[in-house]
Every structure is written in C-alpha cells, then in structure tokens.
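Protein chains: 2
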Amino acid sequence: MKFCSNCGATVELRIPPGDSLPRHVCSSCGVVHYLNPKIVVGAIPEWDDRVLLCRRAIEPRLGLWTLPAGFMENAETTSQAAARETLEEACARIEVGEMFTLINVPHISQVHIVYRARLLDLDFAPGEESLEVGLFSESEIPWDEIAFRTIALTLRHFFEDRRRGAFGFHTSDLALPPPVGVV
Amino acid sequence: MKFCSNCGATVELRIPPGDSLPRHVCSSCGVVHYLNPKIVVGAIPEWDDRVLLCRRAIEPRLGLWTLPAGFMENAETTSQAAARETLEEACARIEVGEMFTLINVPHISQVHIVYRARLLDLDFAPGEESLEVGLFSESEIPWDEIAFRTIALTLRHFFEDRRRGAFGFHTSDLALPPPVGVV
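Sequences listed follow chains A and B, in order.
As numbered in our numbering, residues 26 to 208 make up the first sequence, in order.
As numbered in our numbering, residues 26 to 208 make up the second sequence, in order.
Calculated directly from the structure, the hints in this document are not laboratory data.
Check the hints yourself; a few may be wrong.
Put simply, identical chains are the same to the list, so a pair is met inside one copy or across any two.
Unchecked claim - The calculated lysine to any residue pairs, modelled on SDA-like cross-linking and capped at a C-alpha distance of 25 Å, are:
1. 27 with 101
2. 63 with 152
3. 27 with 100
4. 27 with 165
5. 63 with 87
6. 63 with 80
Build the full structure now, drawing on both the sequences and the hints.
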C-alpha cells in the first residue's frame, strides 16, 4: 500500500495514537488503513463414499488437486461462501453441512474453513478456475498432488473421522511451510 | 474506496474478466482491489464460576459490556488474537481453550469467533478501550447492557452448556438487526 484509497495522497507507516502496531496512515486526510487476515472457505462435497476434488486451472498450484474453496466475499456467510465456491469451481450444487476444519495459516494471514457437504446431483463440470473435476474414494485420493497443506490436512481428518464413525470439528495452526513444498 | 492504493489513480467499479461481481479496479495500473470480510476474535475468560467482562470506553456501544474481543491482525492465529485482545482490553492473561462460537454477521461483513479461556490471575484492569473490567456470575450478567448480539448469544450458549455439563462448538448466522438494537 503506497497511496490512500480515500484521498489519493501518499501513506506512511507509523503507529497511530493508542495503537501498538505500525499502520498505513494517510499523510493528508489522516485515515488509518488496516490490513486484516482473509478467510478462505471450502467444502468436502460427498457422494456415497467419494468426495469431489478439482484440478486447478490457475496459479498458485496450477495442475494440482484441491477441494472447492476460495476467498469469502463481503456480505455473505461462511456456509454461503462454501456453496458459492463449489458452484463456481465445480459447477456443483451442495447442501452445506457442519463446519469441519478451521486452520490458521498465519504466515500468509489467512484462515481456512472447510465444511462437510452433500453433493446434490452428478451434474458437475470444471468451472473457469478448474481443469477437471472428479469424485475420489479414499484410496484414489492423489495425496502427492494435493495443492494446499490445509486441504490435505482436512482430507486426512475427514477419512480418519469417517473410519471411526464420528465427525468432529478440528482447529489447528499451520507453521511456516518447508522451503520447497505446498502452501 | 476512491483511489488505487498501488498507484494513486482513481478506481472504477466494474466486473473484471472471469469474475462475477463488481470490484474496485484501477483506471491506470489495472490492479483489482478486493474487499473481504473481517474476523473479530474474543475470549470468555473464566475464573471459578465467573466470567470477565469489559465496559466499552469507545464507540460503537460506548458504556456497554462485552467480552474482550477485537479485529484479528495479519500474521497471527485466531487463538493468539483472543489472548492479545484480552491483554489489551482487560490487561488480563489467559490460557486460551477450545473455540466456542463462530457467528457470521453478513450485513457488516464480519465473522465473530469466541474461545473459552482460563483467566490465569486476578491482576486485571481496564485497558485503553475499557472503562471498567469485572468478573460476573451468571446471575450478575448485565443482559440488558451487553454491547453486541454475538456476545450475548455466546454468553447464552456458554451458560447453557455449563449447566448441562458439556461444552460444544456453536456456529450461527445473525440476521439483520432490528432498526433500534444492538449489532
């Protein structure tokens, strides 16, 4: 951030009165511009014993597999975001169930939330951001080609919980990724 | 948003290629500026059968009572945010426990998350944003002077769960507030 989105003047990094962290403060109108974490919301669309995955048509992680997920929009709820992203990325309609994972990714200032969901029909297809969309049983999951660590962790929790016959709600924090690895 | 924070030129509202919603797009450098929901994180600091509340020294809802809570910062986790806000608003140290409520407030594009927490000592005091800080048993809670609907709902869940001897995780969505009422 270099310029004030309110008046167009330059911003400077300084600690406003009563605050404890440096903020982008406008040198002209004085508006303080806060930067806050973003929420990514997704779903695990289930059909019998299989789950729906999308192969990414965009960076980052182009060509790798993920659950339908994306940035939450203003004025929607987390479950609405899960349904919208599933429709956009997989042209698939779901009934959103319980919140299943909430994973902090502090090094990129994101919080990832994934819901369990019931796929309502088999009329899915790749959306603009997907190369392919498919249903995978546990043994078919391409574990070495999952795009994001939060998605791999969510899928592991999902199959573990399904095996023991009880689904919980799982929260965790991801540490910094290894130098070469998935986000 | 009127000006581009990247180059200072004016922005215009239009739907970028491949997108479905109008965004603030720079008329000069072309950067798309997304607006996303903000996360508010708080805690229910417990000491024996009482919980810690803060009376707000700032707007909105100046003079009303709330749990320690505030906007999550970049590069922190949700539980770190809960501990930081409790330290800032009540000068109180807590051990953060389980995530307890996650409540969508779509009409103001916020997601409110509250953790259960154990107050570590009684050396609390009003922070800069609080007029007073105190411990309240269930019968002492000033229900008619709670600042925010998400906080009142969280406290109701807390006392209900405590009464039945089992704490769950509660998600819900707030509808638009009544014309005169709390957020």
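(request) Since the copies are identical, ignore which copy is meant and state whether residue 63 and residue 152 lie within 25 Å (CA to CA) inside a copy, between copies, both or neither. (result) Result: close within a single copy only, 23 Å intra versus 27 Å inter.
(message) Treating 25 Å as the Cα threshold, decide for residue 27 and residue 165: within, between, both or neither.
(response) Close neither inside one copy (47 Å) nor across copies (49 Å); limit 25 Å.
(message) Cα distance capped at 25 Å. Does residue 63 pair with residue 80 within a copy, between copies, both, or neither?
(response) So residue 63 and residue 80 pass the 25 Å test inside one copy only (23 Å; across, 29 Å).
(request) Indicate which option fits the pair residue 63, residue 87 if close means a Cα-Cα distance not exceeding 25 Å: within, between, both or neither. (result) within (21 Å within a copy, 28 Å between copies)
(message) Please sort residue 27 with residue 101 into within, between, both or neither, judging by C-alpha distance up to 25 Å.
(response) between (29 Å within a copy, 23 Å between copies)
(request) Could you figure out if residue 27 and residue 100 sit no more than 25 Å apart (CA to CA) within one copy, between two copies, both or neither? (result) between (27 Å within a copy, 20 Å between copies)
Violated hint: 4 only; the structure is consistent with all others.
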